[in-house]
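Colleague: These protein sequences, in sequence, are chains A and B. In this text, residue positions in the first sequence follow UniProt numbering: the first is 1, and each later residue adds one. In this text, residue positions in the second sequence follow UniProt numbering: the first is 1, and each later residue adds one.
Honestly, the hints are just simulated from the structure, not real lab data. Don't take each hint at face value.
Claimed, not checked - Subject to a maximum C-alpha distance of 30 Å in a straight line, what follows is the list of computed DSSO-like cross-link-like pairs (lysine-lysine): (1) B:357 / A:3; (2) B:6 / A:47; (3) A:3 / A:47; (4) B:340 / B:357; (5) A:47 / A:33; (6) B:55 / B:6.
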Amino acid sequence: MAKYLLLKHYRGDHDIAAEDVAPMDQWTPEEVKAHIDFMLELTEDFKRRGEFVDAQALSPEGTFVRYDGEGKPPVTDGPFAETKDLIAGWWVIDVESEERAHEAAAFASSAPGPGGRPIREWIEVRPFMSEPPTITE
Amino acid sequence: MNELLKDLTPQVLGILVRRGADFAAAEDAVQEALVEAVRHWPDQMPDEPRAWLVKVATRKLIDAQRAESARRRRELKVQLEPPPGPTEHSDDTLLLLSRCCHPDLTPASAVALTLRAVGGLTTAQIAQAFLVPEATMAQRISRAKRTVAGGSFDTPGDVQAVLRVLYLVFNEGFTGEVDLAEEAIRLTRQLAAATDDPEVAGLLALMLLHHARRAARRTSSGEVVPLAQQDRSLWDTAMVTEGVEVLQGALARDRLGEYQAQAAIAALHDDAATAEETDWTQVLEWYDELLALSDSPVVALNRAVAVGEADGPLAGLRALDGVDPDLPRWDAVAAYLHEKAGECAEAARLYAVAAAKATNAAERDHLTRQAARLNASASSGSA
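Just chain A, same shape as in the assembly (with noise of 0.2 Å):
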């Protein structure tokens, strides 16, 4: 088994989706649910397979903060009106392969949006480090 991290950007390197989507607010209220209810299944379904170890959605909101030398306090930048990248959220799951972890992805990349229709968004998914294994020789 091995863990793997399944990150959802607002943004990122890649276009937040391959469809041309418009922002959420704009969906109608029932589109909205359906996403998010599709969130909430899958989440479901990485329990039944016995396959969750966390999920959480973060605040679009935040802060950089850096060490600015003894006695000083912290240098602080931010929150952004326009970024680049702001990590929305995850789920980190523990699978047999990493064909299952890019299936996990590419199900939920095809989260339903505006008129139903999947809205492809990218899925980031990195592999958790390990521990060594005992026999290498």
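Fit chain B to the given chain A structure using the hints.
Modeller: Relative to chain A, chain B alone:
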């Protein structure tokens, strides 16, 4: 008491399923009986703990069947008491293990079910060992039980599948409240006592010969120490001796297999008082045997290291030429051989590549230190 309960768990489960109980229901009943034992035994230890557990587990099984029947609101017609059957079979362990390691299960499910049903660990302990929530592990185990439920339960399955699962339990290297390496050794011992397959003994020997080095494998701060740099005075010589004896017994049967060959390689390393005294020629011969048995690219990669030690780094690099460079640790092996060949700049570059590709943090840190060491000596040499 915990050790006793762990030993009795598979025996009691074996007795119930022998008598015809459904595997999943019997497993639940045994778990409930264990809870009762933990509650009552400290006050009064039964004269015959196993008989006590069988009795309580049988009662739990009946209770569960009654509850199920009541739920369905129909008369209880099923036979409550499983018919008395043979109480002990030496191959119960293999029977149970082969059910838990059924080929229809994914490796992770088989590992979880084995640790719970045969190892007698709690779901919480297994969850903690694999760093997942308890509910996730509970779900994984119950899905696994559903997968293997039903079917006849009197023919032992594939020993090879069982050995693969036990190898995984040993090799995953997770450390939590429960030491999974020790669990794997305990279960493999039980299996070795119940079967005369030399590969079972081979796997037990392999585990013992590696486990003997445990104290030397990490520094106190958790850094990985490669075999060549380990403090061999920390090795458990009694465990090495046992491992070698088990291996010799297996090899004498003249039915060589992968686990015996791997154990032979481990034994040669364990036998060397210093890394320099390692009999690399013999190690290489065993890698040739192993490669003939398994044709595994990982074996071919490790064989290249042995070639490098036995016949020199250039020969090692030539052996490495034929190995798929996409393999994990390929760059680390190439770096090692280049350094031995005196090509320190190339070695440093390859160590850095290997570090970036490492799939675990301990190995990544080790490889980064190797790259840094070579880069630092290169810049101090040129200064």
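Colleague: Are residue 357 of chain B and residue 3 of chain A close enough, with their CA atoms no more than 30 Å apart?
Modeller: This hinted pair holds, its Cα atoms lying about 16 Å apart.
Colleague: Taking 30 Å as the top limit, are the C-alpha atoms of residue 340 of chain B and residue 357 of chain B close enough?
Modeller: holds, 22 Å
Colleague: Just to be careful, I want the Cα atoms of residue 55 of chain B and residue 6 of chain B compared with a cutoff of 30 Å; is the pair within it?
Modeller: holds, 17 Å
Colleague: Under the criterion that the straight-line Cα-Cα distance not exceed 30 Å, is the pair residue 3 of chain A, residue 47 of chain A satisfied?
Modeller: holds, 14 Å
Colleague: Are the Cα positions of residue 6 of chain B and residue 47 of chain A separated by 30 Å at most?
Modeller: It holds: about 29 Å lies between the C-alpha atoms, which stays within 30 Å.
Colleague: Are the Cα positions of residue 47 of chain A and residue 33 of chain A separated by 30 Å at most?
Modeller: holds, 21 Å
In the structure shown, no violation is registered for any of the earlier numbered hints.
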